[in-house]
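Same order as they appear, the protein sequences are chains A and B.
Heads up: the first sequence is residues 280 to 586, going by this note's numbering.
Heads up: the second sequence is residues 833 to 1388, going by this note's numbering.
For lysine-lysine, the following DSS-like pairs were computed, each having C-alpha atoms within a straight-line distance of at most 27 Å:
no.: 1; chain 1: A; residue 1: 343; chain 2: B; residue 2: 1166
no.: 2; chain 1: B; residue 1: 843; chain 2: B; residue 2: 932
no.: 3; chain 1: B; residue 1: 846; chain 2: B; residue 2: 932
no.: 4; chain 1: A; residue 1: 487; chain 2: A; residue 2: 413
no.: 5; chain 1: B; residue 1: 1008; chain 2: B; residue 2: 932
no.: 6; chain 1: B; residue 1: 1108; chain 2: A; residue 2: 320
no.: 7; chain 1: A; residue 1: 487; chain 2: A; residue 2: 583
no.: 8; chain 1: A; residue 1: 320; chain 2: B; residue 2: 1166
no.: 9; chain 1: A; residue 1: 487; chain 2: A; residue 2: 472
no.: 10; chain 1: B; residue 1: 1108; chain 2: A; residue 2: 343
no.: 11; chain 1: B; residue 1: 1166; chain 2: A; residue 2: 326
no.: 12; chain 1: A; residue 1: 583; chain 2: A; residue 2: 517
On the chain B side, residues computed to face chain A include the following (Cβ under 7 Å):
no.: 13; residue: 893
no.: 14; residue: 970
no.: 15; residue: 1101
no.: 16; residue: 1136
no.: 17; residue: 1277
Don't read these hints as lab results, they were simulated from the structure.
All of these numbers come straight from a predicted model, not from anything done at the bench.
C-beta: ideal position from N, C-alpha, C; glycine also.
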Amino acid sequence: MGENGFWLPEASTALAGEVDTLFWFVFWVSTAIFAAVIAAKLYFVFKYRRRSEQDVPTPVHESKVLEAVWIVVPTILVLIVFTWGFDLFVQLSSAPPDSYEITVRGKQWAWEYEYAEGVQTAGDLYVPVGQPVKLNMSSVDVLHSFFVPEFRIKQDVLPNRYTSVWFKAENVGEYTIYCTEYCGTAHSGMLGKVVVVSEEDFAAWLQKQNEGLPPAELGQQVYNTQCAVCHAIDGSRKIGPPLNVFYGTERVFTDGTSATADDSYVRNSILNPASQVVEGYPPAMPPFSALSAQQVDGLVAYIKTLE
Amino acid sequence: MSQVNYLNHDKSLKSWLFTLDHKRIGIMYLVAVSLSFLAGGILALLVRTELLGPGETIMSADAYNQSFTLHAVLMIFAFIIPAIPAVMGNFVLPIQLGAKDVAFPRLNLASFYIYLAGAAIALTALVVGRVDGGWTFYTPYSTSVGDGILFITAGVFVMGFSSILTGLNFIVTIHKMRAPGLTWNRLPLFIWSIYATSIVQVLATPVIGITMVLLFLERLLGIGIFDPALGGDPVLFQHFFWFYSHPAVYIMILPAFGIISDLMGTFSRQQVSGYKFVALSSVAIAFLGFLVWGHHMFVSGQSAVSSIIFSLITYLIGIPTGVKVINWVQTMYKGSVWLQTPMLYALMFLFTFSIGGFTGVMLGVLAVDVHLHDTYFVVAHFHYVMMGGNVIAALGGLHYWWPKMTGKMFNETLGRIAAVLVFIGFNVTFFPQFILGTRGMPRRYYDYLPEFTDLHVLSSLGSYILGVGLFLILGYLLHSLFRGKNAPANPWGALTLEWTHTTTPPDPHNFHETPIVTRGAYDYHLAPELFGGDGASGDGHGEEAEVSVPSGQATS
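Generate coordinates for the entire structure from the input sequences, incorporating the hints supplied.
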């Protein structure tokens, strides 16, 4: 019924395609009625424009039939649209029982994932193609919302209860995840990717996660997905200080104390950032206590490699 | 202007500050809400300028987040909610009823000062703490960044009392103070819409007050209501918030319906089509408006059954609104359509409000809303409804009643140019936001992906055109105060009492004797000799028109 591309992004699940069909139905019916109303308006403005001060308009006898048509026809149309939307909404809300389940945690300002196989990652969500995936989601701080436009799914993520979404990706590819519930300073940086890979690649990826990377490489991965929103590595200022220039230097804090930036300092800054806020910066960083010991060690190792 | 009117009978500052005259209170509201609109508008231009490119353009992320929040709070609570009822309701409503004033003039003045106090408390929030996260203040984020939230909700709470008292005043006035012969079926539709609005103001506003009290209890006594850390539920806050704020949407839009009805009738010289339907559906919408708040929460974690019921009721409320649009178009049929500036705004309203309405239907479709919720599509939709509906109608009403309020005619040519600029600027600003939204651009984003740049730049350019149009209006209206031609009593040839039975500007007591009403507000076909009213007719910008005393009234 319509062209995806200009209005809508690619539909990457079967259900997204069905949502689009409904979207285009509402779109075209609305456009047609709107065009008719505006055409009538312009025609009347022209046809009945005031020609002289003495114009005497003809009184109009209102047609009850016409009035009934204006009420009955839209009522039928919206009931169709309601029922259709209701049906798809139920499908969007009901994950198939054989879904592969992944735990998702939202936090200021990153997404974290936990797989049944014991793998923990952040930022990029690896999933197998052609397999229903159900995300069980919660937040560790404020409200967030998990949105993937290409899948036409969105669900708020709450701190006090679990919510879930599901999808079945049809094609291998990468799709942006947005946070769509305002969550603070770096809300617009709380992005991630759904990386859809083949079943074999997914199994290999899980395997590799379990084997582990060299610490500095693991640290770089954590940096890219968790820290890069607020910390640059080229010496420039973002929400927090850059990470490449401070190791080994003297740091002055907002409470007037100071310390030398060593391994313990870096570790403390990750796990308990409010205790030592560097002068000139806001106390904006939340504690990253969900990182594993290896990930923290990896970050320390990675920061030491930066220049 | 030699004759005594409400502006010149006493010019001292004290006579303004302590006035009980509904007309002067209306003018003071006009100044106050215009300043709020100006401040909110400047913030909007800053927000659009920041969005000219991804990343930092002119301000930091925190500054941006606070700018869009303040823009929304000012525009909604300090401008749109009071704008039409408090300014035009106050000025026009008693005269349209043939009354000397509102039922409780002292209460009316108190409402104005309560409004000012509320605005002042809300602005204190900026000094004591940061307020960001948008006008919806969703917990627990909003309470996690300091005490600013308490001040801003306290301000909204106090402004709410102003809203309740004004609503109460209008309900009593409409029931008890109509002129002899002014039956419910003869009331101007502006009165009907203010009546429906007042009901919502009185019934819905207390809920935001209760919400604020609960927030205070939570923060000061540590009782867990909304904060999950204390065992509260953030979704409960959303229910409370929208239980007020959805009806508040009708506080914003119903008065606009009233103005558009008056403008369509007057400038088409025709009975407003479906008068009874338009009148009563406003009241019906006011009541149904209490039952749809959950449509803001389809993806927030409320039960699927609730979402389905809310979606259905949302459609029920959409249909009478759609039928009204058709009625307004029908009003021109076999009429005599006069394209003066106020009518241009009414015609503009039919275009922009219809787009707002149809996109509202799209958002009401459950499965489609899942994709569109909290994207720019929603931003575009409510600007088409709020600005394309309320503000465009308010501009139409302001131009329509400006001669009556000030006794001066504005420059018609500049009026038309500004109307075209506003129309173009508005659509260039907000239409691209629909496309941004369907493509997946979330709202309240400081930074965005490069693929969204072109549409953001287009939208920002539109906002500058819109800004030029609005400043042009400000310019020629102010100019008319000093250099404008004197306005005749009835420049538009309207049939409601503020045009036919009082001078321009009105007498301090509105009428020398109580008018007796013998016909409906739009019965143009009944009395063709009344075209142009009892006062001088004409377009009001030709030669200097004498301000005439309405016929049949004492000239002493």
